[in-house]
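Construct all of the structure, not just a fragment, from the sequences and the given hints.
Those sequence lines, one after another, are chains D and X.
Heads up: the first sequence is residues 1 to 429, going by this note's numbering.
Heads up: the second sequence is residues 430 to 858, going by this note's numbering.
These are calculated hints, taken from the structure and not from any lab test.
Please read all numbers here as calculations on a predicted model, not as lab measurements.
Keep in mind that a hint or two might mislead.
As the list claims (entries may be wrong) - Rough simulated footprint, nothing fancy, chain X against chain D, three-plus residues with beta-carbon under 8 Å:
| no. | region |
| --- | --- |
| 1 | 124–137 |
| 2 | 266–277 |
| 3 | 289–296 |
| 4 | 321–332 |
Said to hold, decoys possible - Simulated DEER-style distance windows between Cβ atoms:
| no. | chain 1 | residue 1 | chain 2 | residue 2 | range |
| --- | --- | --- | --- | --- | --- |
| 5 | X | R814 | D | Q169 | 27 to 37 Å |
| 6 | D | L380 | X | G600 | 27 to 37 Å |
| 7 | X | Q811 | D | A235 | 29 to 39 Å |
| 8 | X | T621 | D | A189 | 51 to 61 Å |
| 9 | D | R220 | X | Q598 | 40 to 50 Å |
| 10 | X | R814 | D | G374 | 55 to 65 Å |
| 11 | D | R215 | X | R450 | 19 to 29 Å |
| 12 | D | G121 | X | A523 | 28 to 38 Å |
| 13 | X | G797 | D | S355 | 51 to 61 Å |
| 14 | D | G384 | X | E667 | 25 to 35 Å |
| 15 | D | G374 | X | K613 | 31 to 41 Å |
| 16 | X | I661 | D | A189 | 52 to 62 Å |
| 17 | D | A235 | X | I661 | 30 to 40 Å |
Built from N, CA and C at the ideal position, the CB exists for glycine as well.
Now for the letters of each chain:
Number of protein chains: 2
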Amino acid sequence: MIKVGLLGCGTVGGGVVQLLRANASYIAARVGAPIDIARVLVRDPSKVRVPELDRGRITTDASAVLDDPTIDVVVEVMGGVDPAREYLGAAIAAGKQIVTANKMLLALHGADLLERARKHGVDLAFEGAVGGGIPVIRVLRDSLASDTIVSLCGIINGTSNYVLTRMRQDGLSFADAVKEAQDKGYAEADPTLDVGGGDAAHKLVVLSMLAFGARLDGARVPTEGIDAVEPIDHAFAERFGFVVKQLAIAKLARDGSALELRVHPALVAKDTALANTSGVLNAVAIEGRALGPCLLSGRGAGDMPTAVSVVADLVDVASAKKSGISGNMTRAIRLGERKLAPMADVETRYYVRFSVFDRPGVLAKITGALGERGVSIEQLVQQGRGTEDVPVDVVMLTHEAKEAAIQAALEVIGKSDYVAHAPRMIRVH
Amino acid sequence: MIKVGLLGCGTVGGGVVQLLRANASYIAARVGAPIDIARVLVRDPSKVRVPELDRGRITTDASAVLDDPTIDVVVEVMGGVDPAREYLGAAIAAGKQIVTANKMLLALHGADLLERARKHGVDLAFEGAVGGGIPVIRVLRDSLASDTIVSLCGIINGTSNYVLTRMRQDGLSFADAVKEAQDKGYAEADPTLDVGGGDAAHKLVVLSMLAFGARLDGARVPTEGIDAVEPIDHAFAERFGFVVKQLAIAKLARDGSALELRVHPALVAKDTALANTSGVLNAVAIEGRALGPCLLSGRGAGDMPTAVSVVADLVDVASAKKSGISGNMTRAIRLGERKLAPMADVETRYYVRFSVFDRPGVLAKITGALGERGVSIEQLVQQGRGTEDVPVDVVMLTHEAKEAAIQAALEVIGKSDYVAHAPRMIRVH
Numbered sequence: 001m002i003k004v005g006l007l008g009c010g011t012v013g014g015g016v017v018q019l020l021r022a023n024a025s026y027i028a029a030r031v032g033a034p035i036d037i038a039r040v041l042v043r044d045p046s047k048v049r050v051p052e053l054d055r056g057r058i059t060t061d062a063s064a065v066l067d068d069p070t071i072d073v074v075v076e077v078m079g080g081v082d083p084a085r086e087y088l089g090a091a092i093a094a095g096k097q098i099v100t101a102n103k104m105l106l107a108l109h110g111a112d113l114l115e116r117a118r119k120h121g122v123d124l125a126f127e128g129a130v131g132g133g134i135p136v137i138r139v140l141r142d143s144l145a146s147d148t149i150v151s152l153c154g155i156i157n158g159t160s161n162y163v164l165t166r167m168r169q170d171g172l173s174f175a176d177a178v179k180e181a182q183d184k185g186y187a188e189a190d191p192t193l194d195v196g197g198g199d200a201a202h203k204l205v206v207l208s209m210l211a212f213g214a215r216l217d218g219a220r221v222p223t224e225g226i227d228a229v230e231p232i233d234h235a236f237a238e239r240f241g242f243v244v245k246q247l248a249i250a251k252l253a254r255d256g257s258a259l260e261l262r263v264h265p266a267l268v269a270k271d272t273a274l275a276n277t278s279g280v281l282n283a284v285a286i287e288g289r290a291l292g293p294c295l296l297s298g299r300g301a302g303d304m305p306t307a308v309s310v311v312a313d314l315v316d317v318a319s320a321k322k323s324g325i326s327g328n329m330t331r332a333i334r335l336g337e338r339k340l341a342p343m344a345d346v347e348t349r350y351y352v353r354f355s356v357f358d359r360p361g362v363l364a365k366i367t368g369a370l371g372e373r374g375v376s377i378e379q380l381v382q383q384g385r386g387t388e389d390v391p392v393d394v395v396m397l398t399h400e401a402k403e404a405a406i407q408a409a410l411e412v413i414g415k416s417d418y419v420a421h422a423p424r425m426i427r428v429h
Numbered sequence: 430m431i432k433v434g435l436l437g438c439g440t441v442g443g444g445v446v447q448l449l450r451a452n453a454s455y456i457a458a459r460v461g462a463p464i465d466i467a468r469v470l471v472r473d474p475s476k477v478r479v480p481e482l483d484r485g486r487i488t489t490d491a492s493a494v495l496d497d498p499t500i501d502v503v504v505e506v507m508g509g510v511d512p513a514r515e516y517l518g519a520a521i522a523a524g525k526q527i528v529t530a531n532k533m534l535l536a537l538h539g540a541d542l543l544e545r546a547r548k549h550g551v552d553l554a555f556e557g558a559v560g561g562g563i564p565v566i567r568v569l570r571d572s573l574a575s576d577t578i579v580s581l582c583g584i585i586n587g588t589s590n591y592v593l594t595r596m597r598q599d600g601l602s603f604a605d606a607v608k609e610a611q612d613k614g615y616a617e618a619d620p621t622l623d624v625g626g627g628d629a630a631h632k633l634v635v636l637s638m639l640a641f642g643a644r645l646d647g648a649r650v651p652t653e654g655i656d657a658v659e660p661i662d663h664a665f666a667e668r669f670g671f672v673v674k675q676l677a678i679a680k681l682a683r684d685g686s687a688l689e690l691r692v693h694p695a696l697v698a699k700d701t702a703l704a705n706t707s708g709v710l711n712a713v714a715i716e717g718r719a720l721g722p723c724l725l726s727g728r729g730a731g732d733m734p735t736a737v738s739v740v741a742d743l744v745d746v747a748s749a750k751k752s753g754i755s756g757n758m759t760r761a762i763r764l765g766e767r768k769l770a771p772m773a774d775v776e777t778r779y780y781v782r783f784s785v786f787d788r789p790g791v792l793a794k795i796t797g798a799l800g801e802r803g804v805s806i807e808q809l810v811q812q813g814r815g816t817e818d819v820p821v822d823v824v825m826l827t828h829e830a831k832e833a834a835i836q837a838a839l840e841v842i843g844k845s846d847y848v849a850h851a852p853r854m855i856r857v858h
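As structure tokens, then:
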């Protein structure tokens with residue numbers, strides 16, 4: 001019998017209890033022993049709505065889980081940094097195996113927790129933290145055995161993807177799409193962490209820690225939200241053969257040492273699997289040196305998909321515990337320091353939209369300001385005709401250039417009197 | 430030290446040797462012991478082109494691998510049914526762990542091998558058999574711990590996908606596209622197994638065995654190749670918002686007992702990830718009851734991606750061996766009999782192209798013949814105008830109907846004097 005202490009019993013925790021019950025015999029065969037939810041820590045027992053749960057096991061006292069020497073595995077699905085961090089620290093020190101789905105905790109303290117787990121010879125599994133039911137953590141962990149990850153690029157915030165999809169496919173405004181996402185339960189009352197890119201940045205840190213073996217706790221990821229993407233940008237992107245997606249990108253810089261991390265909207269070629277990951281779906285594209293490109297997609301959020309991942313992790317660590325090989329999972333992971341490449345050095349192509357007054361020589365001034373800084377134009381579209389007083393949209397796709405160069409050019413152009421407002425820039429993936 | 434006997438040392442085997450060498454320290458930490466390629470069985474030692482290999486370990490004598498009690502794991506990358514089947518049978522009986530990438534062997538004898546492995550308490554891993562480097566076997570195996578698979582649908586033959594992609598995107602004829610695939614090394618001199626659907630059927634049987642726990646050795650999968658898809662079908666599909674893909678489909682029939690297996694070209698909605706899996710890429714879409722939809726894609730063929738999968742398997746079974754828990758992987762898999770649903774009962778929508786002489790009442794006759802058998806039309810397009818003697822293409826999309834009904838209607842219509850040749854039918858996914 002493998003005894004589990006469950007920290008938190010909201011919708012994900014309830015899903016875990018249900019899945020363990022529904023698949024008990026397969027799981028017992030796989031682990032070599034049944035799994036028993038021995039203790040469930042919650043703040044308010046009256047709020048627990050899980051009929052499968054023996055209510056006698058519910059407790060409000062953390063020490064009833066953490067100090068119980070018979071508990072083999074602690075499964076943390078309570079969320080938030082505190083007190084989850086303290087609880088998991090205590091559980092690791094007590095030699096318990098850990099499963100967590102807490103992306104924020106891992107983004108801030110994941111390397112620290114992994115290293116503690118390694119020191120104490122316990123497993124620490126966290127598939128549920130990123131990409132809901134998509135087994136991306138598992139794939140990264142296994143790939144490391146036989147490959148070197150060169151880059152990863154994901155659509156890892158379902159809310160943002162839903163909002164962008166509705167704007168593009170159905171012409172909704174940003175505000176209306178966010179409102180709809182809230183009504184459907186896809187977005188929080190305060191959607192900032194989702195649409196602002198913070199949630200994706202957390203998940204990117206967790207993925208990158210594993211993919212690149214990097215100690216990234218609290219890393220400051222250059223992050224842009226999707227709130228500045230306008231319906232007209234979707235229309236222009238379409239015209240150029242692209243779709244606007246919110247991407248989280250991590251890759252080895254050209255010299256192979258520094259790591260480039262960033263979260264921002266990007267133009268993605270229309271006929272790719274990533275561009276066709278719509279609605280609340282998530283996708284992570286991984287490029288391995290030997291493997292080549294590999295894409296995983298599925299429901300990124302939602303209680304049952306996350307519960308599926310948590311149970312898969314639980315089966316892994318329980319099997320290891322039963323077999324007396326706990327700690328193997330963390331022992332192989334060695335994290336090192338990695339310099340983050342400055343955003344100014346990032347090189348991509350750019351989509352730039354200017355709102356210009358149609359005066360003689362305006363285009364020459366714009367292309368001149370870009371050209372002086374080494375940014376050359378690949379395509380240019382002017383939508384209709386403006387006048388000297390009514391601005392018209394001019395959109396350009398550039399060749400590859402450094403972020404510093406495009407930013408410098410846009411700053412100069414934005415301050416000139418021939419544009420109606422600051423240029424809008426979206427990077428091209 | 431985990432000692433490995435390698436059966437076969439062509440391009441995949443060579444890739445395995447290289448990856449083991451390149452990632453030796455990570456693998457040793459993960460397994461808890463170094464992995465040593467102790468013996469390599471080949472037919473002709475003079476043809477082995479793997480500089481990393483100590484040539485003293487090469488043998489042409491199978492018993493030097495199979496009868497050596499110090500060999501812990503046998504890795505089979507020789508391909509073909511015989512003598513691979515005999516070798517693996519002997520290795521299992523000798524208590525060795527097995528890794529194989531042999532899809533044909535598994536399609537014909539996989540359940541038998543799995544059950545033998547289970548009886549002898551050894552592991553049998555086969556990620557390399559399907560989808561190259563895509564970890565689909567692993568995901569299915571892990572998903573079973575916490576979920577029920579409802580359906581899977583894959584693009585699992587890279588050659589067919591390449592041919593269809595070139596036809597659609599660049600207007601090549603089937604023959605020219607096949608020729609090009611051969612020139613690029615994507616297709617064999619005899620491409621029948623690929624473009625005829627046989628290879629995809631093998632892989633579908635392997636996937637379905639695992640996904641549905643079904644004993645399917647030698648199952649006869651209803652299979653259609655891509656050779657009858659014409660450029661005009663790609664054009665019409667596009668017009669309706671679809672792309673033609675060669676799909677391998679497995680799902681639980683509506684009553685939940687029988688299993689529906691089939692391989693054939695299909696119209697796939699243009700804005701889905703599956704439709705945008707182009708060229709030699711493979712993709713497998715899995716639908717789990719709890720997980721929801723999940724898609725994995727990547728390089729389906731090729732030596733290095735397959736080698737990545739073989740090494741990942743090897744790390745798994747070597748870790749288990751080192752920890753004394755070999756056999757856990759196969760112990761949990763219980764295969765049962767599953768009835769295959771007859772193709773006649775399959776219900777989908779259909780794309781049908783008729784080449785008709787433009788005589789009065791022809792459309793009424795066609796729609797009548799369909800309607801009598803319960804097949805109703807959703808959309809109809811006539812391309813240009815024919816005459817009484819020069820046929821014109823009429824294309825219809827139907828509502829859902831049984832395979833038996835559409836076949837019966839098409840047979841009647843095909844025999845009539847108002848069509849120039851037999852109708853062309855493609856199922857809609």
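Each hint, compared with the structure:
1. Only when three residues or more bring their CB closer than 8 Å to a CB of chain X does the claim for the region 124–137 of chain D stand; here the count is 3, and the claim holds.
2. Counting residues of the region 266–277 of chain D whose beta-carbon sits less than 8 Å from any beta-carbon of chain X gives 6, enough to reach three: the coverage restraint holds.
3. Judged by the Cβ-Cβ criterion of 8 Å, the region 289–296 of chain D is covered by chain X as claimed, because 7 of its residues qualify and three suffice.
4. Judged by the Cβ-Cβ criterion of 8 Å, the region 321–332 of chain D is covered by chain X as claimed, because 6 of its residues qualify and three suffice.
5. At roughly 36 Å, the beta carbons of X/R814 and D/Q169 sit within the given window of 27 to 37 Å.
6. A hinted range of 27 to 37 Å holds for the C-beta pair D/L380 and X/G600, which are about 29 Å apart.
7. Taking 29 to 39 Å as the suggested C-beta distance range, the pair X/Q811 and D/A235 conforms, at roughly 33 Å.
8. Between X/T621 and D/A189 the beta carbon distance is about 60 Å. The supplied range of 51 to 61 Å therefore holds.
9. At roughly 42 Å, the beta-carbon separation of D/R220 and X/Q598 lies within the given 40 to 50 Å, and the hint holds.
10. Restraint check, X/R814 to D/G374: a C-beta distance of roughly 57 Å satisfies the suggested window 55 to 65 Å.
11. Distance hint check for D/R215 and X/R450: the Cβ-Cβ separation is about 27 Å, which falls inside the suggested range of 19 to 29 Å.
12. A hinted range of 28 to 38 Å for the beta carbons of D/G121 and X/A523 is consistent with their spacing of about 33 Å.
13. In this structure the supplied range 51 to 61 Å holds for X/G797 paired with D/S355, their Cβ-Cβ distance being about 59 Å.
14. With their beta carbons about 30 Å apart, D/G384 and X/E667 fall inside the hinted range of 25 to 35 Å.
15. The given range of 31 to 41 Å is respected by D/G374 and X/K613, whose C-beta atoms sit roughly 37 Å from each other.
16. At roughly 53 Å, the beta-carbon separation of X/I661 and D/A189 lies within the given 52 to 62 Å, and the hint holds.
17. Range check, D/A235 to X/I661: about 32 Å between beta-carbon atoms, so the 30 to 40 Å window is met.
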